[in-house]
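Kindly generate the complete structure, drawing on both the sequences and the hints.
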Amino acid sequence: MQEKAISHKELLPHLFRQEYTKMTAVLCRHFGLKHIEIAEDIASDTFLKASENWALNGVPENPAAWLYTVAKNKAKDHLKHLTIIETQNETATDKIQAEHNFEFNNQNITDSQLAMIFAVCNPANSTEAQICLALQILYGFSLEEIANVFLAKTETIKKRLHRARTNLRNDNFQIRNLNENEIQSRLDTVLRTLYLLFNEGYFSKTNNHLIRKDLCSEAARLTLILTENQLTNVKQANALLALMCYQSSRLDARTNTKGEAILFEQQDKSLWDKTLIEKGNFYLVNACNGTEISKYHLEAGIAYWHTTPADQNKWQHILQLYNQLILIEYSPVTALNRTFAFAKVYGNKQAISEAEKLNLTESNYYHELLGYLYTEINIDKAINYYERAIGLTKSRAEKQTLAKEIERLKEKKGVNRHKR
Amino acid sequence: MKEFALIFRLNNIADFKPSPEQMQERMNWLAGIAAQNKLADKGNTLLPVPGSARTVKPDNIVTDGPYTEIKEFISGYVVVRAETIEEAVEMAKGNPIFKIGGNIEVREVLKRD
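Residue numbers (our numbering), protein chains in the order written: chain A, 33 to 452; chain B, 0 to 112.
Don't read these hints as lab results, they were simulated from the structure.
Glycine included, C-beta positions come from ideal geometry on N, C-alpha and C.
Honestly, I wouldn't trust all of these hints.
Claimed, not checked - Covered stretches of chain A (in silico footprint by chain B; criterion: 3 or more residues with CB under 8 Å from a CB of chain B, positions within the stretch not fixed):
| no. | stretch |
| --- | --- |
| 1 | 56-62 |
| 2 | 369-377 |
| 3 | 384-395 |
What follows is the structure in structure tokens.
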């Protein structure tokens with residue numbers, strides 16, 4: 033008995049995350065976006081019932097099937113209840129136009145989730161709001177978890193979500209029959225949001241490794257849904273998925289057991305996930321089967337070169353891709369990464385003048401890069417830049433990593449003086 | 000911020016087709032400006048070869064290419080953002096075109112509305 037109780041406690045949060053968003057997507061598609069709250073209530077009730085029932089009777093043999101049966105019955109009850117009200121009140125304006133019969137089968141779940149991705153990525157909402165909404169509706173994150181991702185107050189997130197959800201409900205988006213026009217008009221926004229969701233995990237402000245992994249794997253799962261539908265399986269989606277696979281392959285190698293970041297060059301390459309690298313290759317080949325070059329193609333290309341062993345022209349290729357990328361879209365991160373690649377090809381001395389021109393004095397990464405470039409040239413300057421980087425970064429793990437590097441440089445300096 | 004067009008001129012048509020190394024240098028220079036967020040327009044290459052270049056003059060006189068009377072020809076342009084013309088000139092100085100005897104004219108852009 034006790035064993036059952038423990039397993040249900042362990043299983044439920046995992047299942048919740050996985051099935052809650054699927055369930056609401058299917059119900060939303062059934063009831064219409066206007067009634068998203070009803071869909072969410074039914075899904076929540078279902079999980080509440082599960083936690084009560086499973087605690088007493090143990091986990092059923094097929095937990096997901098159990099959940100869907102309950103959800104389906106609750107939905108039917110709800111519709112019956114509504115029909116009674118509607119016949120009593122003919123003028124009811126908010127009629128739910130839904131058939132009573134629907135199935136929670138794989139096809140319906142995937143189609144509903146795909147439609148939900150497009151519904152959430154409404155250009156009427158700001159990018160930030162879209163991401164919050166995606167975290168809540170597509171990821172099943174709680175308010176606290178979303179606040180944790182953004183290092184923001186739950187109250188701020190709540191307000192942001194409130195506005196975004198109003199737009200979602202009032203949007204005339206046809207979630208039931210996703211058509212080509214709607215896909216075309218929103219595809220760029222969808223890809224961008226998925227890209228940002230992934231990055232939110234990969235370069236996350238939060239130090240919680242599990243949240244970061246969740247953020248990344250969910251973004252990849254949603255992008256996979258795009259590549260599995262004929263209408264959305266575009267080259268850009270394949271390139272984006274390739275990028276996500278390559279980046280994910282290094283997730284475990286990027287932090288040590290204490291959660292501190294490990295620099296690329298010091299990563300244990302045996303921890304890289306080879307299956308994911310191969311998947312990345314697969315989607316990159318799919319993406320390059322044409323003439324289109326998007327920023328996802330270029331970033332996937334760069335990530336690909338990072339997974340290869342030390343080819344002597346590797347950094348040349350990476351620099352060329354960064355050159356193309358910065359011409360498509362400026363971002364401070366791209367500018368800094370490009371300069372790092374430039375240093376690898378032309379040496380630190382030349383790269384320092386390239387770096388100084390960037391003038392990104394507010395960015396901790398800018399000072400970090402200059403610190404790195406000066407390490408072999410001028411230790412005092414290097415230390416100085418690293419100290420400024422510590423002052424600017426908010427991440428505790430990064431402060432520690434930088435402080436260690438300063439210690440190492442100071443020791444090195446001491447040794448040098450001693451030699452003289 | 001003002002905008003300045005950098006107009007590239009070459010002397011020798013044989014220099015127009017760059018080697019892979021020259022191409023890489025040009026890209027590095029261009030991306031270096033983009034990395035400062037100072038590239039307003041990555042511009043275009045202007046083909047000087049026969050069939051792609053004509054000069055139209057008064058009285059319906061049309062000549063092949065731009066190079067019958069002047070030796071130099073324009074090979075392309077980009078538009079950069081800079082506070083002053085001096086800053087734009089500094090950017091131009093880093094271009095590899097000088098290695099092959101070319102030159103760059105820097106001109107402030109006055110936008111047509």
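These are the hints, each one checked on the structure:
Evaluation of the coverage hint for the stretch 56-62 of chain A: breached, as 0 residues show C-beta separations to chain B shorter than 8 Å, against a requirement of three. Beta-carbon proximity to chain B at under 8 Å applies to 3 residues in the stretch 369-377 of chain A; the threshold of 3 is reached and the given coverage holds. With 4 residues having a beta carbon nearer than 8 Å to a beta carbon of chain B, the stretch 384-395 of chain A meets the requirement of three or more and the stated coverage holds.
Hint compliance for this structure: hint 1 alone is broken.
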